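Letter by letter, the chains look like this.
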Amino acid sequence: MSRPSRRLVLHRGAAGLAGAVLAGPAAVAAAPAAHARPAADKDHPRAHGPAGHEMPEPFDEIYEGRHIEGWPEEGGHGGHGGHDGPHEGMGFVVRIDNDDLHVMENANGSWVSVVNHYETFTSPRGVARAAVRELNGADLVPVVTG
Amino acid sequence: MAVRKNQANLTATEKRDFVDAILELKRTGRYDEFISTHNAFIMSDTDNGERTGHRSPSFLPWHRKFLLQFEEALQSVTPSVTLPYWDWTVDRSPRSSLWAEDFLGGDGRSGDGRVTSGQFAFGSGKWPMNIRVDGRTFLRRALGAGVRDLPTRAEVDRVLAMTTYDAAPWNSSSDSFRNNVEGWRGPNLHNRVHVWVGGQMTTGASPNDPVFWLHHCFIDKLWADWQRLHPRSGYLPTTGTTNVVALNDTMKPWNDVTPADMLDHTRFYTYA
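Sequences listed follow chains A and B, in order.
Converting from the first sequence to the working numbering requires adding 4 to each position, the first position being numbered 1.
Converting from the second sequence to the working numbering requires adding 33 to each position, the first position being numbered 1.
None of these hints come from the bench; they were simulated from the model.
Incorrect hints may appear among the rest.
[As the list claims (entries may be wrong)] Derived coverage of chain B by chain A (criterion: at least 3 residues anywhere in the stretch with Cβ under 8 Å from a Cβ of chain A; other residues may be distant):
(1) 35 to 49
(2) 74 to 86
(3) 197 to 205
(4) 253 to 263
[Unchecked claim] Here are the simulated lysine to aspartate or glutamate pairs, DMTMM-like style, with alpha carbons at most 25 Å apart:
(5) B:Lys159 with A:Asp64
(6) B:Lys59 with B:Asp135
(7) B:Lys254 with A:Asp143
(8) B:Lys159 with B:Glu188
(9) B:Lys38 with B:Asp282
Just so you know, these numbers come straight off a predicted model, no measurement behind them.
Glycine included, each C-beta is placed from N, C-alpha and C at the ideal position.
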């Protein structure tokens, strides 16, 4: 089953969420570009992974039977519902079998996803692989909001 | 005055009343609203953008208000119910009474991680995952699989000894009490417990597992403990700071409550 428009579905779902400050998933996935890195990072370099905050390389692979892919999305900040933080720079799109995995870069250059939100990974690829393991064959679904 | 107790000290009746009140909120749909709110903030709180519920100074007052609101909802069902806390420095085994049939139910089974005991097991029919990040509709756990050990008392004490509430850049890289409690730096307290439980607790929809409330109640108690240890250290920042909630700013989604309003928990409850 091909679901190329899942991200658009997510946007519409987010827009309809009452009373929340939810921005579109692509917006909240927006990661700091190299030029936007917080100054304090100079004092707290990432603990692991390649040095610096360059946008990670795109990837596209089959991992444990699931198609995972990721790429930088220029200007990835559609749907700013109530979210007035600066999101200049690029987001990073990660998909598992064509479904969007919401990911976020941390200040130290590590990554989390909505599936593994309380532990960090060195790259979007790592966070995608962790989500595949956690999903155990299940499909990602846009978070429904009642 | 409501008294929040250690879950290990609850009577059988207190456990049953707590579980039954949760199930009633689930039945009426009110429970799932809390999950939606939590997940919305998880997804929108970013280190370089607006951040309120997580990875920011208001992590502690935001969750205090969130828990108060949940506790009030429980009390609308059964007035005597208060939130219990889970001291995971003491009750650190999958064999703890916390995970017994008469309370939160046990670990997930091998294979699919499905919780099969207690009222929150899928088989009870009372605990569907309506707000979820993947297709699975049953509560899952994998106690001690994502990380072997829960934080220790010594690790908690190390964090409680920190004198500064929070510090620039006010996010997951801050060297501060708040960020060490949250777990992005230091011995990793709050975050690690989510990972130790596993299943829905590792996701943005973590309140799907009712242990969320007992975990965060202990985090809330640690904040109160820290305040008592450091009477001259207050909430920071006290003045307007880009993207984060200062002492007298209102917090979303309520917009009528500030961190200052949340500093004194004894206005609302005490800890036994």
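Coverage claim, chain A over the segment 197 to 205 of chain B, checked by counting residues with Cβ within 8 Å (three needed): holds (count 4)
Quick one, are Lys159 (chain B) and Asp64 (chain A) close enough, alpha carbons at most 25 Å? At roughly 40 Å apart (the allowed maximum being 25 Å), Asp64 (chain A) and Lys159 (chain B) break the hint.
Verify the proposed pairing of Lys254 (chain B) with Asp143 (chain A), using a straight-line Cα cut of 25 Å. violated, 37 Å
Count residues of the segment 74 to 86 of chain B with a Cβ under 8 Å from any Cβ of chain A, then say if the count reaches three. Satisfied; 11 residues make the cut.
Is the Cα-Cα distance between Lys59 (chain B) and Asp135 (chain B) 25 Å or less? holds, 18 Å
Against the 25 Å threshold, does the CA-CA distance of Lys159 (chain B) and Glu188 (chain B) hold or violate the hint? Distance of about 37 Å is beyond 25 Å: violated.
With a C-beta cutoff of 8 Å, work out whether three or more residues of the segment 35 to 49 of chain B approach chain A closely enough for the coverage to hold. With 0 residues closer than 8 Å to chain A, the segment 35 to 49 of chain B misses the three-residue bar; violated.
For the segment 253 to 263 of chain B, do three or more residues have a beta carbon lying closer than 8 Å to a beta carbon of chain A? Check failed, 0 qualifying residues.
Under the criterion that the straight-line Cα-Cα distance not exceed 25 Å, is the pair Lys38 (chain B), Asp282 (chain B) satisfied? Roughly 31 Å between the alpha carbons, so the hint for Lys38 (chain B) and Asp282 (chain B) is violated.
Going through the hint list in order, the structure does not satisfy hints 1, 4, 5, 7, 8 and 9.
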